[in-house]
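Student: Build out the structure end to end from the sequences listed, making use of the hints.
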Amino acid sequence: MRVSLAVVDRLVANGIDTVFGIPGKQSLPLNEAIGKRDDIRFVVARHETAVSHQAWGYAETSGQIASTVVVPGPGDMNAMNGLKNALNDCTPLVHFAIETEPALRGGDAIHETPPDTYDNVVKENILLKNPETTAATIDRAVQVAQTPPKGPVRVGLPKNYLQMDVPLAGASTPATPSTSTVPEQAVAEAAEHLLAAEMPVIMAGGGVRASGGTAALRSLAERLDAPVVTTYKGKGVLPEDHDLSAGVLSGSASPELLDCLADSDAVLAVGSDLDAHGTRGWSVELPETLVHVTIDADDLGTGYDPTVGILADAADAMTAIENKIAAADTAPATKTAGTERAQAVRDATARRIEPLVDSEPPLTSVRVLQILRDAVPSDAITAVDAGGFRVWALNTFEAYGPRSYVNPGSWATMGTGLPSAIGAQLANSDTPVVALTGDGGLMMCVHELHTAVAEDLPITVVVLNNDDYAIISEEAGRSYDLDHQAYGWDTTPIDFGTVAAGMGMEAVQADTASEIRTAVREAVQTDAPTLVEVRTDPTEPQASEWMRE
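Following full-length UniProt numbering, the residues of the sequence shown are numbered contiguously, the last one being 549.
No lab work stands behind these hints, which were simulated from the structure alone.
Lysine-lysine pairs mimicking PhoX-like chemistry, simulated, CA-CA at most 25 Å apart:
1) K335 <-> K324
2) K36 <-> K25
3) K84 <-> K123
4) K25 <-> K129
These numbers come from a predicted model, not from an experiment.
Tutor: Written as structure tokens, this is what we have:
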């Protein structure tokens, strides 16, 4: 069987129906094989940095694995950014890079890079050594990508192999990732500590979403009457209009949220690695009693010493803990009302941002985000770029479902909002998708406006434009001897409406509350990709400083 046909055959057999990439001469055999089938789609991006971000958005919002294809060297290296983002976020992707022919390797053939260049940006880096093992290699790559902790797997396909017609080793049946076994003794100890706590709190991470553990989280939180604080990647795993939702632990978390954690007498950290990014370099104070549930053994004890460590799937562990609590003979300790503790944190956040709400155009990001939350349907998917407004969004833009809010975690790379929205829309064709981005982030992927138009995707792109790298300018002026708005473009502003229109996209400018609300509601209801540009205040305070005062 021809190797290129076998690659596509195994993708489809493993449930992959969408491939993101940019075609090159080296990849054309694969493109030809995809083009001959109607059960798999090739989405052409305009730059390789967007390719892996698109696949990331697809997987983040659907829970399904996606695939990417790039040419060697420049294509592969451009895609590295998104691969590292997916690795940090434990997002499953299979990334195909067309490799230099083995006979030419080491001779500086066009685009050649050593295959091990990519070892540290993927979960596993596989180089196809013999064309006969193509099918088995791809099956293994898919299995590795989907085995918790999930992540991107790179498969290097030598260019000259693709058109070979060789006997292939028998393909395996696509494997189902194994389920975890929850250690009973650790569960019993965890239940005992949580039962005895008077002021328990739950910290929920992206592993809750990956495990499909939203229902288990809600049930356990309600049984314990425990406020739920989420990480960056856990935002939305408990709908943020729930009475026990206490907000997001981030660099802009309020003192009241930090006090909620510090003043508790037991915390269940579930589906989180408790990394340095989310815990401010492990400076966030947690109570002495810590039950830490994670899928990766290396997470335990890295930043915090757990009282009980449980290596297990988040949903399975929470269900087991709740079952043990429900069956316990010991009466639970009298709890301090968790709903009141969570409400106190939310009220404190509202008071802190109130001075930024009432403003005239250009509006603050806080005000714009509030308007957008009202205008965007509650069942829509929102893909949020990195940048200053994203930090505000963690506090002010509620997420109502585990896969309804996409934002990068500890990699925090800019330029993800638009491409991840494209991936999300392809994975969720019947769901409205809104990209929230700043002018800085959009300029890093502005070419993908054209991809949205070319693919006829009805996404709504809202760009909060302050003509500045404002989060950097603010720090430059506050902490360093640099000019105010040192990294702004107030004398050379960009008209994003003109840029979008030039790529065939509908575009509208909206600056007042009523204009923004109307423009976004109408854009979401149309079948055409639409950009809504909103001018925001470049001198507004940044969330990390404002919220801690």
